[in-house]
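Peer 1: The chain contents come next:
Number of protein chains: 2
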Amino acid sequence: MSTPAKRNTWQREAVREALGHNDGFVSAQALHAVLREGGSPIGLATVYRALADLATADEADSLQSPDGENLFRACTSSGHHHHLICRSCGLTVEIEAHAVEAWAQDVAAEHGFTAAQHVVDVFGLCAACTKLAAH
Amino acid sequence: MSTPAKRNTWQREAVREALGHNDGFVSAQALHAVLREGGSPIGLATVYRALADLATADEADSLQSPDGENLFRACTSSGHHHHLICRSCGLTVEIEAHAVEAWAQDVAAEHGFTAAQHVVDVFGLCAACTKLAAH
DNA sequence: ACTCATATTGACAATCATTATCAATAAGCC
DNA sequence: GGCTTATTGATAATGATTGTCAATATGAGT
Ligand SMILES: [Zn+2]
Ligand SMILES: [Zn+2]
Ligand SMILES: [Zn+2]
Ligand SMILES: [Zn+2]
Numbered sequence: 001m002s003t004p005a006k007r008n009t010w011q012r013e014a015v016r017e018a019l020g021h022n023d024g025f026v027s028a029q030a031l032h033a034v035l036r037e038g039g040s041p042i043g044l045a046t047v048y049r050a051l052a053d054l055a056t057a058d059e060a061d062s063l064q065s066p067d068g069e070n071l072f073r074a075c076t077s078s079g080h081h082h083h084l085i086c087r088s089c090g091l092t093v094e095i096e097a098h099a100v101e102a103w104a105q106d107v108a109a110e111h112g113f114t115a116a117q118h119v120v121d122v123f124g125l126c127a128a129c130t131k132l133a134a135h
Numbered sequence: 001m002s003t004p005a006k007r008n009t010w011q012r013e014a015v016r017e018a019l020g021h022n023d024g025f026v027s028a029q030a031l032h033a034v035l036r037e038g039g040s041p042i043g044l045a046t047v048y049r050a051l052a053d054l055a056t057a058d059e060a061d062s063l064q065s066p067d068g069e070n071l072f073r074a075c076t077s078s079g080h081h082h083h084l085i086c087r088s089c090g091l092t093v094e095i096e097a098h099a100v101e102a103w104a105q106d107v108a109a110e111h112g113f114t115a116a117q118h119v120v121d122v123f124g125l126c127a128a129c130t131k132l133a134a135h
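Chains U and Z supply the protein sequences, listed in that same order.
Sequential numbering from 1 applies to the first sequence in full-length UniProt numbering.
Sequential numbering from 1 applies to the second sequence in full-length UniProt numbering.
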């Protein structure tokens with residue numbers, strides 16, 4: 001019952017590359033659409049599976065958008081960080097938040113909570129999308 | 001196109017009360033089940049609508065669980081705030097985070113983002129659950 | 001209390017992201 | 001080249017949420 005052997009398929013690699021060519025967070029559906037438009041016959045379920053694998057292998061970051069979608073992004077920095085995300089085009093900026101890290105620790109400790117984790121994401125409209133939205 | 005007048009129905013009040021009788025975050029489905037078990041013939045769609053209204057009226061807090069469900073909770077303190085939640089028993093503490101509010105605004109503005117929103121939640125083990133977990 | 005214009009309800013259908021099926025395929029190993 | 005079995009992908013299934021719309025109830029006006 002050891003770890004089931006992983007195999008290398010062009011599908012996995014295609015998803016990895018497609019993620020890498022994208023700056024922001026993308027949904028599985030969107031990534032699948034991009035791949036198909038690029039001529040790949042890859043299946044939707046496979047994209048979902050590949051993204052889930054990449055996320056558990058810490059090769060991709062994942063978060064849920066305000067409307068419940070699961071979004072993925074190629075992992076650039078390996079350390080702990082947070083994101084500023086355009087909810088229109090997906091443009092993402094990695095942000096440091098030392099003050100927030102400390103605050104989270106403190107507030108948890110103050111109330112006797114242990115093993116504290118936190119979810120901190122900022123969503124907005126990037127400069128470009130803000131202009132577009134202004135007709 | 002002024003604001004459409006709101007009417008008071010026993011359904012709205014039932015949802016409000018059911019929320020108040022619950023300490024932690026609950027899903028619309030769960031709250032509907034509780035109400036029906038209590039003898040109320042309220043409809044599921046109505047519970048969804050009532051909860052959405054309460055949330056927009058800042059009478060209830062909402063957040064999405066790690067698996068994508070929308071959860072609601074009666075609001076004890078008024079105004080914008082965040083939550084410290086025990087991931088074992090659901091105990092919830094409302095927390096102020098003025099520093100985080102300012103940080104979120106600044107970081108968004110610094111990168112030219114507008115209409116910034118943020119998701120900030122702290123999950124951990126409360127004091128009681130920490131003791132239990134210590135065998 | 002009666003009327004009326006309309007906000008609200010609720011059973012049900014529709015949507016939408018995600019997951020489960022499962023036969024067909026292909027990766028890695030001999 | 002064969003064998004084992006992880007992987008794929010078309011499709012069905014799931015499950016939470018939202019839309020539909022006729023029937024109902026609310027609140028203001030009389
Ligand atoms: Zn944008
Ligand atoms: Zn952090
Ligand atoms: Zn607890
Ligand atoms: Zn805040």
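Because the hints were derived from the structure by calculation, they are not lab data.
Please note that a few of the clues may not be correct.
[What the hints assert, rightly or not] Here are the simulated DMTMM-like cross-link-like pairs (lysine to aspartate or glutamate), alpha carbons at most 20 Å apart as the crow flies:
#	chain 1	residue 1	chain 2	residue 2
1	Z	6	Z	53
2	Z	6	Z	23
3	Z	131	U	110
4	U	131	Z	110
5	U	6	U	37
[Claimed, not checked] Derived DEER-like restraints, expressed as beta-carbon distance ranges:
#	chain 1	residue 1	chain 2	residue 2	range
6	Z	57	U	99	41 to 47 Å
7	Z	130	U	5	47 to 53 Å
8	U	127	Z	13	22 to 28 Å
For each residue, glycine too, the CB sits at the ideal point set by N, CA and C.
Peer 1: Are the hints correct? Go through all of them and say.
Peer 2: Hints versus structure:
no. : hint                     : result
1   : 6/Z / 53/Z               : holds, 10 Å
2   : 6/Z / 23/Z               : violated, 27 Å
3   : 131/Z / 110/U            : holds, 16 Å
4   : 131/U / 110/Z            : holds, 16 Å
5   : 6/U / 37/U               : violated, 28 Å
6   : 57/Z / 99/U: 41 to 47 Å  : violated, 31 Å
7   : 130/Z / 5/U: 47 to 53 Å  : violated, 39 Å
8   : 127/U / 13/Z: 22 to 28 Å : violated, 45 Å
The structure fails to meet hints 2, 5, 6, 7 and 8 from the earlier list, while all remaining hints are met.
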